[in-house]
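Taken in order, these protein sequences are the chains called A and B.
Its first residue numbered 540, the first sequence is counted upward by one per residue in my numbering.
Its first residue numbered 114, the second sequence is counted upward by one per residue in my numbering.
Derived from the structure by calculation, the hints contain no laboratory data.
There's no promise every hint is true.
Ranges of calculated distance between the beta carbons of each label pair, as one might list FRET restraints [claimed, not checked]:
id	chain 1	residue 1	chain 2	residue 2	range
1	B	Met228	A	Ser630	17 to 27 Å
2	A	Glu763	B	Thr200	30 to 40 Å
3	A	Ile646	B	Thr200	17 to 27 Å
4	A	Val549	B	Ser255	45 to 55 Å
5	A	Ile664	B	Arg156	22 to 32 Å
6	A	Ile623	B	Glu211	26 to 36 Å
7	A	Leu660	B	Asn252	36 to 46 Å
8	A	Glu688	B	Glu257	40 to 50 Å
9	B	Ser255	A	Asn620	29 to 39 Å
10	A	Leu717	B	Asp195	53 to 63 Å
11	A	Ile646	B	Glu202	16 to 26 Å
12	B	Asp195	A	Ile623	17 to 27 Å
13	A	Ser630	B	Thr312	17 to 27 Å
14	B	Lys193	A	Ser630	24 to 34 Å
Given the structure is predicted, the values throughout are model-derived calculations rather than measurements.
Yeah, the Cβ is synthetic: ideal placement off N, Cα and C, and Gly gets one too.
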Amino acid sequence: MVLLAGLTAVLGLGVLLSIRIHHVLPLPHRTSRQAKRRNPNERCSIAIFLGSGGHTSEMKSLVSTLPFDRYTPRTYILCHNDEISLKAISSLESGAGTLKNESAYTILPLPRARKVAEPLLSTLISASKTFLVAFWCIFLEPLLRNPKEPFAEVLLINGPGTCVVLVLISYIRRILGLRYTKIIYVESFARVKSLSLSGKLVRPFVDKFLVQWPEAGGSSTKAECKGWLV
Amino acid sequence: MSSVLVTVGSTLFPALTNKIFSPEIISIFHSNGVERLVVQYGRADVPISLLRARNLKLDGQGKASIMIGQGEEKGEGGLKVDLFRFTDEFEGLVRSCEYVISHAGSGSILTALRMTPPKKLLVVPNESLMDNHQAELANKMSEEGYLMLSNVEDLANTLPSFLNPNPHLDVDVKKEDEERFKLFPQMDRGRFKSILDDTMGYE
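The following block holds chain B by itself, in its conformation from the complex (with noise of 0.2 Å):
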């Protein structure tokens, strides 16, 4: 069994939560087996569709609980989807996923790739944004090997791939995830300290 979490931050990105919801998108996660979604949609509004077709009540934080495909197609498993719009135990919620979809968020980017075990991590910009400099970030991490990148509409692609990128194949999935995605180094917590002794006179 698999959890995938996608998180939008603080922002507006209804483009890539909506994606998420899509019929194509949903049956990507049940055929690689993911049981869980967790969807920290922010600002953007829940997606008509999925509160006509489920019937979708939310609390007051935006918050609600669905299942999706409860075994009706091919005996495949259903999936549990937990929505709300913001958290307090982003960290937390981290932890207990293995599969991070992100926006590209410096502090999401930093608590997916330094957590421990790192997160396999997805990032997504967002491109309707003005000052893009996020995208700048991703594009950089990405070519640097610690992140895998996708634009919204090339979702259905990569993340097949991302999700398990060699399916027919027994391999080691441990070893084919190191091989996939370069450690990111923990921070350096001597770097500022000794900048600023030095600035400051201390020897």
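In isolation and in its complexed conformation, chain A is listed as follows (with noise of 0.2 Å):
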């Protein structure tokens, strides 16, 4: 009888929430959701993902376009021990290089979801340990800070495993209706007719879905192509 019960909780539980996540989803004839207008010099904080490797040498092409002035503060979010991330982050910000700008960034290093290779079982437990540390730095500790403002305005990823991590807990704020940080999915300019993994994975939660070839987003309708973009 108390399992039933139990049962039935969770059970209405769960629908509330999908129907809940549902409405919260960045569907295209969604245009309350159109962005609000800002002025010129008005900041816009902005939350960066470094994948490692060809992920992270096409993300940081892609930040080296935006200004710096306007996107300010910005977080570099990294794995452990990903030492070409880090080079990438002290070229794009020597580039921005004046002593005032010295806080205008912080690194963020999480513990790595999923190591090339890495059997299901430790996957199940290295990405708790993310999703957790994540947890804590993009949702709870920014929450105790200042309930009103997400932890960044807007975060742009591209890409792998790891990220779908960083939108699983962008959700929460959403779900709560809480003001939320926007996402921007870059598809890898490696990618000519089908989708990664990870963009499979965050296609239908994600406010932008960026693909650089025609023919890589398929069929659906959320992939945009505006062309190459590194």
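Each chain sits in its own coordinate frame; assemble them with the hints.
If you want it as structure tokens, here you go:
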């Protein structure tokens, strides 16, 4: 009896949660989600995920085109021991390089969610570690500090796996009806005819889904192609 | 004098690096006037035959320099070979060579094609990769005329036409290359910024 009640409760919660998630999904016809107009001098906080290797080098190219006086402060999220991404940050930020900008960026290292060819069980364990650290750093700690503002106004991601965790956590604020982080996903230049696994996973949830070759998005109406971005 | 860079990025692609050191390919380099060969061989092993034949000593970072065929045959010049696993100065290396033979990684492809002047690029996709979306990119880019494509087995056939498409004609090499390779556009630095500005509500 208790079991049945429990089951019903869990099921009910699940249904409610799905309805809520469906309600907050960024569907194309929801014009109410148009961005509020900003004046040109207004600042916009930004978070950038550097996913290692080719992901990092494409993200570095994208970020190098942004005006840092507008997109500030910046939070760089990367995985532990990823020296290439650390170098990418220092080269991006040294270009911006005045002393007064010293505190304009922070670096947020996360445990890697999945190493190459890691077996399923240990992937689950490392992914939950990533989840917990990210949950604290990008949801709970910012919430305690200032409940009104998300940790960043926009989050840029381009794979691999760990970025899915970031999308999940960003969704908590949407589900709760708080001001949330907009998410932009940029599929790799290397993807000509198909999406990557992380692309497929995050596509329904992100606010903008960009591909760099017209065929890469398949029949999806969500995928936008505005040509090469890197 | 011309120089060729062979690069496999951070991957394991012994099929390509072994092939490059086969007598057949080395003799193609000789007969097309290549005098310097730079091989970034990544996580592969140096071919045993090369190690034995040349008494090669690698340093801690897998680095070595050798001369192959020092004018023994028909007065041909020697081929100076530099070998190493990885480099921090990839761009400088690409700049220093006229020809690039590369795996299908998008980073290497973009670096070679966006160099001024752009490099002549032959891409050899690694067919042993499971999820071979890299080959998709190389195919597309070759269809569009930005680069030449080969597989490892065909290298002996494609390499001569890559290095020297018209050996018997006295043609303007520069013009010839302009016809062979379409110029790949530089990055449009306003494109992503304007998408982001638009998304975030800036005019």
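Next item on the list: Please flag the earlier hints that this structure goes against, numbers listed from lowest up.
Entry: none
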